[in-house]
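Q: One-letter residues, chain by chain:
Protein chains: 2
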Amino acid sequence: MTIGIIGLGLIGGSMAIDLKNALDTIRLVGYDANEHHRTKALALGLVDHVVENPEALSACHVIILAIPVNHIPAVAVHMLDVCSDNTIILDAGSTKGALCKAIAQHPKRKNVVAAHPIAGTENSGPEAALAKLFAGKTNIICEKEKSSAEALQQALLIFDTLGMHTIYMDAEEHDKHVAYVSHLSHVSSFLLGLTVLDIEKDEKNIATLAGSGFASTVRLAKSSPDMWAPIFEQNMEYLSQALQEYIIHLQRFQYHLLKRDRTELHKTMQEANAIRRILQGIENKNQK
Amino acid sequence: MTIGIIGLGLIGGSMAIDLKNALDTIRLVGYDANEHHRTKALALGLVDHVVENPEALSACHVIILAIPVNHIPAVAVHMLDVCSDNTIILDAGSTKGALCKAIAQHPKRKNVVAAHPIAGTENSGPEAALAKLFAGKTNIICEKEKSSAEALQQALLIFDTLGMHTIYMDAEEHDKHVAYVSHLSHVSSFLLGLTVLDIEKDEKNIATLAGSGFASTVRLAKSSPDMWAPIFEQNMEYLSQALQEYIIHLQRFQYHLLKRDRTELHKTMQEANAIRRILQGIENKNQK
Chain A
0 MTIGIIGLGL IGGSMAIDLK NALDTIRLVG YDANEHHRTK ALALGLVDHV VENPEALSAC
60 HVIILAIPVN HIPAVAVHML DVCSDNTIIL DAGSTKGALC KAIAQHPKRK NVVAAHPIAG
120 TENSGPEAAL AKLFAGKTNI ICEKEKSSAE ALQQALLIFD TLGMHTIYMD AEEHDKHVAY
180 VSHLSHVSSF LLGLTVLDIE KDEKNIATLA GSGFASTVRL AKSSPDMWAP IFEQNMEYLS
240 QALQEYIIHL QRFQYHLLKR DRTELHKTMQ EANAIRRILQ GIENKNQK
Chain B
0 MTIGIIGLGL IGGSMAIDLK NALDTIRLVG YDANEHHRTK ALALGLVDHV VENPEALSAC
60 HVIILAIPVN HIPAVAVHML DVCSDNTIIL DAGSTKGALC KAIAQHPKRK NVVAAHPIAG
120 TENSGPEAAL AKLFAGKTNI ICEKEKSSAE ALQQALLIFD TLGMHTIYMD AEEHDKHVAY
180 VSHLSHVSSF LLGLTVLDIE KDEKNIATLA GSGFASTVRL AKSSPDMWAP IFEQNMEYLS
240 QALQEYIIHL QRFQYHLLKR DRTELHKTMQ EANAIRRILQ GIENKNQK
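If you read the protein sequences in the order shown, they are chains A and B. Quick note, in numbering that gives the first Met the number 0, the first sequence goes up one by one and the last residue is 287. Quick note, in numbering that gives the first Met the number 0, the second sequence goes up one by one and the last residue is 287.
Keep in mind that the hints were calculated from the coordinates and are not lab data. Quick caveat, the model's predicted, so the values are computed rather than measured. Ideal placement from N, C-alpha and C gives every residue a C-beta, glycine not left out. Hints may be right or wrong, so weigh each one.
Said to hold, decoys possible - Here are some, though not all, of the chain B residues that point toward chain A, as calculated from beta-carbon distances under 10 angstroms:
#1 N69
#2 H265
#3 M268
Bound-form chain A, shown alone (with noise of 0.2 angstroms):
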C-alpha cells in the first residue's frame, strides 16, 4: 500500500514515524510546499520519497493532509479532482466545519474521512516529529455517514495503526467543543505571555521571578503562529464565544478583586477547583 502524506511537519512526520514502524509493506510518499521541509523529511527518513507537486501523489492508495487547517478544504477538493477513484483522503486539521461544508457536493465526498486526531506539542516542522505522539490519545471522525465503508476502514486502520481511540461527532459540535477545550487554552496562553513581555520592558529581571507554574501556563503560547492563525480564523464562531465567556469570568473575578471580596474570590476558585476531575480523565487517557 502506498500513503501520500501532504504537509510533512510536526503532524504528518509523527504520522509517518509510527506507520512504517509499524506496517512492513506500505511505503510512504511525502510532499511539503516548503522545500527545505521536502529535503529535511527525507534525510531524517520519515519518507521514503518525496515528489515535487501534490498530483504526483494521485495513485496513491491514500493521502493524508497533515496542513495548516486554512488550506485543507482546497486541497482536499484539488486531490478529489486528480486522484483515481479509489483514492481515500483523510485530513488531521483541527477545524472539520470548513473541510466538511467544501467538498458536500463533491461527487467524490464519500472517498474523505475529515478526522481530527487530538495530539501535537508546542513544536513545529519535520525536526519536530516524534514517535508514538498519537498513542493513547482520541481521534474523531466527524460526517462519518458521508464517508464509504472502506474509506473508514482504511482510515480506522491507520489511526488504530497510531495506537488512537476514535469517536464520532458532527462537523459543527467538533468545532465548538475544541473552541472550548483546545483553542480557547492556545488563545489564553499566548496573551499571558504577551502580558508579561510586555510589562518585563518596564521591569527588567521580573522573569527571574518565574517558576514553575508559569511555565506550564504558559507553555502553549510557544505554538506556530502559521498553524494556528488559519485554525481561529477558520473556527472564528465558536471560539470568540469561548472567548467572550473567559473574558467574563475574568472581569467578575477582577471586580471582586477591586472589592477585596476575599469570600467571592475564594467561591470562585473553589467552583474551579473541580477541573480536577477533567485533568484526571486526561492523565488516566495518556496512562493507557
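Once you've looked at the hints, dock chain B against the given chain A.
A: The following block gives chain B in isolation, referenced to the frame of chain A:
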C-alpha cells in the same frame, strides 16, 4: 538549634523534610492551627514535636512562618512580642508589602527576615510535603537592610540548606513582579477552568476532547483557594493592574478575531513566541 515551624502544610512540611535531612543537630517543633495537620505532620515524621499554641515556640532559635499570607503580619508581630530577643523569624509568604508594613515600627524588626522562597505545587496540606521542593529555585529576601546581620545569616543558612538561590528586592517591587509572573497565571488558569466547566453543563462529554495542552494550561486551577484568596486580596493593587492588562490583550485579540484578521492574529502570536526565552531560563534554573 531548635527551629519552630508555624504552618505544617506543603511549604512548612517540605522545608521540614529538607532541613531535617541536612542538619543532624536541629530539633524541629511544629504548630498548626488545624489540629488534623498537627497530628498528620507528626505521624509523617515531618517534625520532632508539635505544640498546641504558637507561644510554646517562644524559645526557639528560629521560627518559620509558613501560613496563608493574611495571617502572616499579625502572627509575625505577635511572635516578636512573645519571643526572646534572640529569636529570628522568617516567613515564606508570596506577598511582602503587608508584612513589611506591619512590623516596620516594631522594636524587634531587625529579628525578622521577610522572605519568599518561590516553590510550590498545586497540592496542599502536610501530605503534599515533598523533599527537594526548593532545590535550585529562587528565594527573595525583601528589605534586607532592616534585618540584623545575624538574622540574615541564619536565614541564609536555612535557604542555602534548602538549595535555594537568594536574591534581594524591595517589598513593593517584589509584589508587583510576582503579580505578573505568578499570581496572574493562577488567575488565568482558575478562570479558564471555570469557563470549560461552565460550557460542560450544556455540552456533555466536552472534556473527552481535552488533551495535554489544556491540562498544562489549567493545572494551576487545582490550587488551594485557602492559600490563594488571601494572596490575591493582599496583592490587589498590583494584581488588578496585571489582570487589566491581560484582559485588554485578550479583548484586542478578540477584536482581530471577530474581523478574521489573520495577519494581526499571526503577528500577536509571533510576538508571544518570544516567551521561549523566559521558558528556557526557567528550564535552565530547574536543571541546575
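Q: Does each hint hold? Answer for all of them.
A: Evaluation of the provided hints:
no.: 1; hint: N69; in the structure: holds, 8 angstroms
no.: 2; hint: H265; in the structure: holds, 4 angstroms
no.: 3; hint: M268; in the structure: holds, 4 angstroms
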